[in-house]
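Trainee: Sequence:
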Amino acid sequence: MAEEAPAAPAAAPAKTTKKKAAAKPKAAGPSVKDLVVKTVAASKDRNGVSVHSMKKALAADGYDVLKNNSRVNTVIKGLVRKGTLVQTKGAGASGSFKLNKEITTRLIGRQFQPNGTQSHSRNTQEM
Numbered sequence: 718m719a720e721e722a723p724a725a726p727a728a729a730p731a732k733t734t735k736k737k738a739a740a741k742p743k744a745a746g747p748s749v750k751d752l753v754v755k756t757v758a759a760s761k762d763r764n765g766v767s768v769h770s771m772k773k774a775l776a777a778d779g780y781d782v783l784k785n786n787s788r789v790n791t792v793i794k795g796l797v798r799k800g801t802l803v804q805t806k807g808a809g810a811s812g813s814f815k816l817n818k819e820i821t822t823r824l825i826g827r828q829f830q831p832n833g834t835q836s837h838s839r840n841t842q843e844m
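For the sequence shown, the working numbering assigns the number 718 to the initial residue and increments by one for each residue that follows.
Treat the hints as calculated values from the structure; they're not laboratory data. Incorrect hints may have been included.
Said to hold, decoys possible - Distance condition first, Cα-Cα at most 20 Å in a straight line; then the derived SDA-like pairs of lysine to any residue:
no., residue 1, residue 2
1, Lys773, Arg788
2, Lys773, Val792
3, Lys794, Ser813
4, Lys750, His769
What the hints assert, rightly or not - Estimated spans, in silico, between C-beta atoms of each pair:
no., residue 1, residue 2, range
5, Lys737, Ser770, 21 to 31 Å
6, Asp762, Asn790, 50 to 60 Å
7, Thr733, Lys755, 46 to 56 Å
8, Ala776, Lys799, 44 to 54 Å
9, Thr733, Arg788, 30 to 40 Å
10, Ala808, Arg763, 35 to 45 Å
Every residue, glycine too, gets a C-beta built ideally from N, C-alpha and C.
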């Protein structure tokens, strides 16, 4: 008596793999964060820059503020949370903003001395 192997189960249908959508190319040019910081730095207003005037300046530079309004608001809130911007009036992503003095002077002081040469104060040792 020959033993018969049990019948093989029916082959499972091949899984269909979903093709991922082609990744959108990254937009060329500076990020929204860089544009916002540049706009605030360009202002010489004592009380800072209002969100409305900031968005007008971004639109003048060619950025589509109407399409990316929520992105601009999110970036502003993030810069305040990080400490790059200080909110002088308002709450959230409304009001006026200016650059944080401590951060900007620290960045400028670390990069350049007043005479224009680079700073090497960390590497110098007193003898």
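Trainee: Each hint should be assessed against the structure and marked as holding or not.
Mentor: Here is how each hint holds up against the structure:
1. Between Lys773 and Arg788 the alpha-carbon distance is near 15 Å, which keeps this suggested pair within the 20 Å criterion.
2. A distance of roughly 16 Å separates the Cα atoms of Lys773 and Val792; the hinted pair therefore holds under the 20 Å criterion.
3. The suggested pairing of Lys794 with Ser813 holds, with an alpha-carbon distance near 12 Å, which does not exceed 20 Å.
4. With a CA separation close to 16 Å, the supplied pair Lys750 and His769 stays within the 20 Å bound.
5. Between Lys737 and Ser770 the beta carbons are some 41 Å apart, a value that contradicts the proposed interval 21 to 31 Å.
6. Distance hint check: the CB atoms of Asp762 and Asn790 are about 20 Å apart, inconsistent with the given range 50 to 60 Å.
7. The supplied range of 46 to 56 Å is met by Thr733 and Lys755, whose beta-carbon atoms lie about 48 Å from each other.
8. Here the CB-CB span from Ala776 to Lys799 is close to 24 Å, at odds with the stated 44 to 54 Å.
9. Under the hint 30 to 40 Å, the C-beta atoms of Thr733 and Arg788, about 35 Å apart, fit the expected range.
10. As the Cβ distance of Ala808 to Arg763 is approximately 21 Å, the hint placing it in 35 to 45 Å is violated.
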